[in-house]
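Those sequence lines, one after another, are chains A and B. The opening position of the first sequence corresponds to residue 1 in this note's numbering, with each subsequent residue numbered one higher. The opening position of the second sequence corresponds to residue 1 in this note's numbering, with each subsequent residue numbered one higher.
Keep in mind that the hints were calculated from the coordinates and are not lab data. Misleading hints may appear alongside valid ones.
[To be verified] Taking lysine-lysine pairs in the BS3-like style, the calculated list, with each CA pair at most 30 Å apart, reads:
(1) 80(B) - 215(B)
(2) 313(A) - 100(B)
(3) 384(A) - 209(B)
(4) 123(A) - 496(A)
[Unchecked claim] If you want a taste of the chain B side facing chain A, the calculated C-beta under 8 Å gives, among others:
(5) 40
(6) 62
(7) 63
(8) 91
(9) 95
(10) 126
Computed from a predicted structure; not experimentally measured. Think of the CB as a built atom: it goes at the ideal place given N, C-alpha and C, for glycine as much as any other residue.
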Amino acid sequence: MKVFLISVLILFISFCESAAQNSYRSLTPERIYLHTDRDVYTAGDYLFYTLYLQGNQGTMSKYAYLVLRDRHNSLIAHERLEIENLKAFGSVYLPDTLSSGVYQIVCYTNSMRNEVEEVYFNKEIVIANRFDEQLNAFTEPFNSSSAVTSSDQTSGGTTGNENLLIHPDKEVYNPREKISFYIESNSIAEKSVAQLSVSISEIVPGVPAEPAISEYFKNASQSAYTSDSKQNSYNFYSEIDEPVVQGRVIPAAQSGSKKDSVNKNDAARYYTILISSPDSIVNMQYAKTDSLGSFRLLLNHFYNGKELYIRIKDDVKATIVLDDKFDLIEPFTSSGAFNVHGIKTFLTRSENIALVRRSYNEQLVMDTVKKFLAANTIPRVYYKHYSSILPSDYVELIDFAEISKEILPALRIRKSSGSFFSYYVNIPGQTQGSTEPQIFLDGVPIDDINQIISLGSRQIRRIETLPVTRYYGEMSIAGILAVSSNGLLINNIQFKTPTLKCLALSSQAYTKPEPFIPAGSDKRIPDLRQVLLWEPDIIMDRSKELHIECYASDLQGKYRINIQGITSSGDPVNGSAIITVQSKSN
Amino acid sequence: MKSKLILIHAILLAIAFQSLSGQASYSFNCNDKINSGPYLSGELFISAEPLDVVTYFNQDWLLGDICLANGEAVRNIYIKYNKLLDELFWLEPASNKIIKLDKGGILEFHFLNFLGDTSVYFKRINAKRYALADSSEIFGREIYKGKLSLFILYNFIIEQKELAIVNGVYCEKNIYGEEPIYYLQFLNNKAVGLTRLNRKNLCAVFPGKKDQIKKFFRENRQIDINYNPDLVWLAQFLNTIVTQ
Numbered sequence: 001m002k003v004f005l006i007s008v009l010i011l012f013i014s015f016c017e018s019a020a021q022n023s024y025r026s027l028t029p030e031r032i033y034l035h036t037d038r039d040v041y042t043a044g045d046y047l048f049y050t051l052y053l054q055g056n057q058g059t060m061s062k063y064a065y066l067v068l069r070d071r072h073n074s075l076i077a078h079e080r081l082e083i084e085n086l087k088a089f090g091s092v093y094l095p096d097t098l099s100s101g102v103y104q105i106v107c108y109t110n111s112m113r114n115e116v117e118e119v120y121f122n123k124e125i126v127i128a129n130r131f132d133e134q135l136n137a138f139t140e141p142f143n144s145s146s147a148v149t150s151s152d153q154t155s156g157g158t159t160g161n162e163n164l165l166i167h168p169d170k171e172v173y174n175p176r177e178k179i180s181f182y183i184e185s186n187s188i189a190e191k192s193v194a195q196l197s198v199s200i201s202e203i204v205p206g207v208p209a210e211p212a213i214s215e216y217f218k219n220a221s222q223s224a225y226t227s228d229s230k231q232n233s234y235n236f237y238s239e240i241d242e243p244v245v246q247g248r249v250i251p252a253a254q255s256g257s258k259k260d261s262v263n264k265n266d267a268a269r270y271y272t273i274l275i276s277s278p279d280s281i282v283n284m285q286y287a288k289t290d291s292l293g294s295f296r297l298l299l300n301h302f303y304n305g306k307e308l309y310i311r312i313k314d315d316v317k318a319t320i321v322l323d324d325k326f327d328l329i330e331p332f333t334s335s336g337a338f339n340v341h342g343i344k345t346f347l348t349r350s351e352n353i354a355l356v357r358r359s360y361n362e363q364l365v366m367d368t369v370k371k372f373l374a375a376n377t378i379p380r381v382y383y384k385h386y387s388s389i390l391p392s393d394y395v396e397l398i399d400f401a402e403i404s405k406e407i408l409p410a411l412r413i414r415k416s417s418g419s420f421f422s423y424y425v426n427i428p429g430q431t432q433g434s435t436e437p438q439i440f441l442d443g444v445p446i447d448d449i450n451q452i453i454s455l456g457s458r459q460i461r462r463i464e465t466l467p468v469t470r471y472y473g474e475m476s477i478a479g480i481l482a483v484s485s486n487g488l489l490i491n492n493i494q495f496k497t498p499t500l501k502c503l504a505l506s507s508q509a510y511t512k513p514e515p516f517i518p519a520g521s522d523k524r525i526p527d528l529r530q531v532l533l534w535e536p537d538i539i540m541d542r543s544k545e546l547h548i549e550c551y552a553s554d555l556q557g558k559y560r561i562n563i564q565g566i567t568s569s570g571d572p573v574n575g576s577a578i579i580t581v582q583s584k585s586n
Numbered sequence: 001m002k003s004k005l006i007l008i009h010a011i012l013l014a015i016a017f018q019s020l021s022g023q024a025s026y027s028f029n030c031n032d033k034i035n036s037g038p039y040l041s042g043e044l045f046i047s048a049e050p051l052d053v054v055t056y057f058n059q060d061w062l063l064g065d066i067c068l069a070n071g072e073a074v075r076n077i078y079i080k081y082n083k084l085l086d087e088l089f090w091l092e093p094a095s096n097k098i099i100k101l102d103k104g105g106i107l108e109f110h111f112l113n114f115l116g117d118t119s120v121y122f123k124r125i126n127a128k129r130y131a132l133a134d135s136s137e138i139f140g141r142e143i144y145k146g147k148l149s150l151f152i153l154y155n156f157i158i159e160q161k162e163l164a165i166v167n168g169v170y171c172e173k174n175i176y177g178e179e180p181i182y183y184l185q186f187l188n189n190k191a192v193g194l195t196r197l198n199r200k201n202l203c204a205v206f207p208g209k210k211d212q213i214k215k216f217f218r219e220n221r222q223i224d225i226n227y228n229p230d231l232v233w234l235a236q237f238l239n240t241i242v243t244q
């Protein structure tokens with residue numbers, strides 16, 4: 001009997017465990033794929049990309065982060081991308097001054113940062129400086145037989161796992177001839193559409209084609225790693241709707257010798273972190289630190305791209321350390337995929353093409369499809385003030401003590417031991433003179449009245465008062481005094497409490513190049529485009545064939561039509577084909 | 001036998017521990033939420049004299065949702081609406097204090113369950129409360145939403161005053177009488193206030209539709225505007241005749 005009972009118990013527990021594990025597994029980790037217009041660039045070019053996200057429907061990140069770094073791990077560019085319908089697209093300018101070499105693009109979401117960096121999407125690209133004739137950053141193998149093998153690989157039409165069929169009207173085109181092809185697919189589910197990005201770019205001889213989105217997601221979904229706790233100092237949150245700002249308050253004493261004992265004492269201390277931006281409207285968000293001093297909040301869209309003042313409300317000696325979303329721990333080591341036979345020749349040719357195009361003053365025309373502007377949804381601390389006073393309506397007063405005495409009847413300022421203290425009289429629920437109101441200068445909370453006591457009528461545009469006990473969420477405030485200055489004097493304020501000034505991230509606009517129109521181009525000017533087409537935002541319906549047209553350039557060679565995409569149900573789709581451009585005489 | 005039992009117990013403990021730790025890490029990843037707003041803004045409410053309970057729409061604190069003017073929503077909080085002051089109060093959970101919320105910061109609020117009714121919505125509208133006053137922001141209870149929306153403002157008038165003893169002191173107590181104002185709001189957000197939703201008033205608002213209005217009232221003599229379904233019925237009819 002006992003043995004039976006125990007067996008039942010074991011069975012029950014193992015059932016519970018497997019159920020728990022199953023529900024955990026059902027949350028597939030997010031994965032990113034980035035399709036770029038090509039692999040080889042010249043400094044001064046734009047890199048165009050389309051980012052695809054795969055994850056759990058309904059809880060997917062809205063933001064992704066793109067980092068471009070060199071072999072010394074210096075950031076060349078970093079962008080926040082806003083994902084809509086599982087994708088984002090845009091461009092990155094590659095500065096003219098970049099040295100020739102292999103660079104790495106890394107893409108990830110905030111929730112992916114909980115895993116090891118190996119799961120981030122990364123891709124190597126080559127950037128050649130057009131004045132670099134030696135190209136010493138690249139080495140070519142002495143034995144050219146290996147290069148031939150890899151070259152053969154790239155000449156194939158497909159890269160495996162292809163579920164989009166591309167039908168070009170012909171295989172060989174003349175320079176400047178219209179290229180026309182259509183795409184068909186049976187893998188797009190009914191009532192589903194596919195979002196595609198299409199590139200037609202010159203093939204770099206010997207360099208293997210990058211893995212397609214289907215292959216990449218298939219391999220990536222099989223690998224899920226949780227990060228070593230020593231690597232990450234935070235638990236990173238999914239940014240499903242608003243971006244997350246997180247950081248840590250490190251008390252100044254922690255740097256002392258008795259580190260461990262201080263840590264234990266500070267663990268019990270909770271700080272209030274205030275975030276606001278200079279504005280004519282008083283705005284604020286706040287969060288409380290946890291027992292480890294970490295804080296996190298969902299940043300209102302109003303703050304996108306705005307200057308932020310992040311400060312501790314409490315008077316403590318501490319430092320605020322913000323989480324840097326572009327901080328990568330693993331160094332970039334080149335795979336050597338571009339050290340192939342003939343790469344220098346190709347790069348030299350690309351440099352010469354860039355020089356010629358420059359001399360003809362060819363300018364890329366950018367089409368901005370969508371901009372992500374800061375929202376008007378201001379996190380207002382109050383909606384109605386009791387009185388609004390314009391000091392310019394009165395006789396000039398030299399400082400704020402005078403102003404409060406003459407034109408702010410509810411506010412009292414007293415001086416004691418060389419410093420000033422302000423309070424509202426007769427605030428219900430408060431002991432008179434015990435607590436200073438929350439003072440805002442240009443919409444930003446400041447420490448106390450001493451920071452604005454020297455401001456006179458000339459410096460102040462408007463004063464709003466709320467001489468009542470206010471609540472903002474759970475935060476109780478003994479009245480509000482809001483001062484708007486003439487000329488953003490908040491920038492001159494020296495804060496007593498730890499304060500961090502930074503710029504909130506904003507999302508990159510969706511951009512793409514204007515399509516090439518041959519009728520508008522002068523035939524005497526050579527057409528030396530190495531990318532014949534980059535279209536990052538095409539929607540394909542299952543029931544219809546998708547027809548695409550573009551024009552060949554004067555550059556002869558092999559070009560790859562590379563299509564990557566994702567369906568609305570999150571399934572990756574891709575296809576490729578090779579076409580050739582050669583002159584009639586050939 | 002003993003060693004077998006110990007072994008079985010050890011296995012059981014190990015399995016239980018493993019499954020618990022798995023669940024713990026799962027909850028850490030999924031349920032650790034960020035608590036940083038949205039924030040309700042308002043002021044501490046301290047009334048010089050206690051408000052008459054009859055002036056409250058809901059005498060007990062009820063759970064409700066609030067849509068804020070900045071597009072955010074605060075859910076499942078205890079709220080109370082006072083009809084006399086036309087103000088919404090929030091029971092702040094940390095301090096247990098009553099906060100009078102900023103009217104300008106609220107777009108609408110919703111009682112999740114008001115005496116079994118889950119469809120009680122109040123919306124902030126801009127309308128004239130008194131004939132000779134300017135327009136002001138009021139909380140109107142949304143009865144019908146359409147081309148022509150119908151709101152009720154639970155207005156009070158002092159019907160009489162009577163002497164009462166409060167804490168052993170004689171004082172004058174107001175006896176309130178409810179006199180609702182009905183607001184018809186058009187798509188351009190202009191609202192017309194009517195103290196009575198009768199044939200005469202409606203004909204004045206829609207002078208070109210007098211015949212239809214008269215016909216409606218003639219055919220529906222039993223209509224009772226104090227009964228919500230009848231009000232909805234009337235609003236539906238008005239929506240059929242309104243042209244915008």
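Margin query: Run through the hints listed earlier and report the numbers of any the structure violates, in increasing order.
Written below: Violated: hints 1, 3, 4, 6, 7, 8 and 10.
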